[in-house]
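This is what each chain is made of:
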Amino acid sequence: NAGVTQTPKFRVLKTGQSMTLLCAQDMNHEYMYWYRQDPGMGLRLIHYSVGEGTTAKGEVPDGYNVSRLKKQNFLLGLESAAPSQTSVYFCASSSTWGDTADTQYFGPGTRLTVL
Amino acid sequence: AQSVTQLDSQVPVFEEAPVELRCNYSSSVSVYLFWYVQYPNQGLQLLLKYLSGSTLVKGINGFEAEFNKSQTSFHLRKPSVHISDTAEYFCAVTLEGGANNLFFGTGTRLTVIP
Numbered sequence: 009n010a011g012v013t014q015t016p017k018f019r020v021l022k023t024g025q026s027m028t029l030l031c032a033q034d035m036n037h038e039y040m041y042w043y044r045q046d047p048g049m050g051l052r053l054i055h056y057s058v059g060e061g062t063t064a065k066g067e068v069p070d071g072y073n074v075s076r077l078k079k080q081n082f083l084l085g086l087e088s089a090a091p092s093q094t095s096v097y098f099c100a101s102s103s104t105w106g107d108t109a110d111t112q113y114f115g116p117g118t119r120l121t122v123l
Numbered sequence: 015a016q017s018v019t020q021l022d023s024q025v026p027v028f029e030e031a032p033v034e035l036r037c038n039y040s041s042s043v044s045v046y047l048f049w050y051v052q053y054p055n056q057g058l059q060l061l062l063k064y065l066s067g068s069t070l071v072k073g074i075n076g077f078e079a080e081f082n083k084s085q086t087s088f089h090l091r092k093p094s095v096h097i098s099d100t101a102e103y104f105c106a107v108t109l110e111g112g113a114n115n116l117f118f119g120t121g122t123r124l125t126v127i128p
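If you read the sequences in order, they're chains W and B.
Counting the first sequence from 1 gives a position; my numbering is that position plus 8.
Counting the second sequence from 1 gives a position; my numbering is that position plus 14.
Zero decoy hints are in this set.
Straight-line alpha carbon distances no greater than 30 Å define the calculated DSS-like cross-link-like pairs of lysine-lysine that follow: (1) W/Lys65 with W/Lys17; (2) B/Lys72 with B/Lys83; (3) W/Lys65 with W/Lys22; (4) B/Lys63 with W/Lys79; (5) B/Lys83 with B/Lys63; (6) W/Lys17 with W/Lys79; (7) W/Lys65 with B/Lys63; (8) W/Lys17 with W/Lys78; (9) B/Lys63 with W/Lys17.
Derived from the structure by calculation, the hints contain no laboratory data.
Bear in mind that the values here come from a model prediction, so they are computed numbers and not experimental data.
Based on the sequences and whatever the hints tell you, model everything.
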C-alpha cells in the first residue's frame, strides 16, 4: 500500500515548455486534489476532483489543466510554463466515508523550477 | 469566504519546554479544523482534526488542540517538545459538508533547540 505517489520528484523547465505531473493513489479514494506550496504562503488549491471524469477549479487554477480519466490517477498539466509556476506541487486524496473521511493524504511533492 | 491566520511564522523553543502554536480562522459557515505537520522535504501528515464533539482534541506525537468557537481559534499545544518535533506546522479548515477542500494558513516553523 504505497498511499499517494507523485511523478516526477524534480523537474526543470524552460519558459514556454509543457509538462504533466502524475499523481496516483491506491486507497480507492473518491476525492483528489492538487496544491502548490510557495514560501510564506502555505498551500493553495489549484484544482480538485470529486470523482472519475470530474474536475473543478480551486483557488489558483490559471495556467493549469487537470484530468481524472481513472479513479486512481489525477494529472496536472502546464501547457506553457512560466517562471511564476516555480513551486512545490502536492497531490492529495481523501475518502468520503468512514473514520478517515475529511482527512487528506498527501504525496511527497514535486519540485518544479521554470527558468 | 474563509481564511486561516497563523500569527507566528517562526517559533523557537528549547527541548522539553512547552509550546503553543496559534491558529485563528474566519468563516461564515461551519468548518472542520485540522493541523498538519510537514517534516523537511516531505509531504504533509495529519496531526489531529476537529469535526464535532469534545473541543479538546488529542493527536499523534503528544500534540493536542482546543477548539474555541467564541474566539474562532484552534491553537496547537504540546507540554514538552523533542528535537524530532522540529518541522513546519499548518493549520487548515474545510467547509462542513463540502468537497473537503482545505484552506491553509501560511505555516509556523517550529525549531526545537537542544
